[in-house]
Amino acid sequence: MNTIVIDDDAAALLIIKKLCDSYDQVAVNKEFTSAIEAVKYLNTNSVDLVFLDIHMPTFSGFDFIETLKTPPKIILTTSDKDFALQAFEYDCVVDYLLKPITKERFHKAILKLDNAKKDEKLNTIVSSKGDADFIYVSVERRLIKINIKDISYVEAKGDYISIKTKVKNYIVHSTLKKIEDKLPSNLFLRIHRSFIINITEIVDIEDNSVLIEKSVIPISRSNKGELMTRLNLL
Amino acid sequence: METPNLNYIKEISGGDLDFEASILEVLKKEFPIDCLIFEENFNKKSYEEASNNVHKIKHKISMLGLNEGLQLASKFENDLKKCEVKLYEKFVEILKKIHVYLG
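Note that the protein sequences, when read in sequence, are chains H and P. According to my numbering, the first sequence is numbered sequentially starting from 134. According to my numbering, the second sequence is numbered sequentially starting from 2.
Incorrect hints may have been included.
[Said to hold, decoys possible] Chain H side only, calculated, beta carbon under 8 Å to chain P, not exhaustive:
id, residue
1, Asp142
2, Ala144
3, Ala145
4, Leu152
5, His188
6, Pro190
7, Ser212
8, Lys232
9, Pro233
10, Lys236
11, Arg238
[As the list claims (entries may be wrong)] Below, a list of computed lysine to aspartate or glutamate pairs in the EDC-like style, where the Cα atoms sit at most 20 Å apart:
id, chain 1, residue 1, chain 2, residue 2
12, P, Lys11, H, Asp154
13, P, Lys30, H, Glu164
14, P, Lys87, P, Glu69
15, H, Lys214, P, Asp80
16, P, Lys82, H, Asp215
17, H, Lys150, P, Asp17
Rather than coming from a laboratory, the hints here were simulated on the basis of the structure. It should be emphasised that the depicted structure is a prediction, and the values quoted were computed from it without experimental measurement. Ideal placement from N, C-alpha and C gives every residue a C-beta, glycine not left out.
Based on the provided sequences and hints, a complete structural model is requested.
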């Protein structure tokens, strides 16, 4: 995997690079002490994995993630425990390593990364976007067929997504981004960082939420305009 | 009382002496600068900035095996965000210890 490391601390860069040396699948191509420089690099270079420090001056690790349209896999590195919850809000985040990073903990992160890559191949989704009425998802080693029109909404839950249909709820190891790419855009819309909804299933809309079946789903301010233009308003 | 050590760095190095030398070189170069910037910001009462400086220093504290020092630095980092400075003396003691160790 083409890998970059971003950390404003030169010692941390050396340590992460050294830890990566033990893994053939991780090839560190470049290091950055500034996330802004890394964003510039990513404009012209493709990367599979980023080791990313969260706490950096002026432009944090989270700013970095928000900047990227299709972020690669990211392993966060930090001296703070406090960001763990926020970290896993992002589908691209594979793991969260607390400094000082031990060899054992680093090894676990690489295993998680390998599993995430395997799941990417196995998981979801056999149909191609927009031209099939169904998708297949991998649940407990079985491929299960779901009719796309039966999906009410999809919710991100850490490393998993929850696909809510009229009859059943499926928990799948995947990301919202991946399923979003497979769902027809005339029916489905992302209305929040953690939710994609079937817009034909909306029962009502309040200020910052929609009701689908009995679930109240939040709407991000940034997504509300797009939702309103898609509705058949009187 | 805990003292700085190279246990963590040696564990990561796996016997790679060049790596150990590189890390020590970086620490010797960066640590005094980090401390200087922290002192400047602290003396100016720029506590938010000083808190960021402590954050950067605390990784070096942890790399040198000072677990209690790391806890104190984390507390001090948070305190500074609230303009609370009572841990300053103890934090500076840790810095002095590292200065002596790095030579």
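Please write out, lowest number first, the hints stated earlier that are contradicted by the structure.
11
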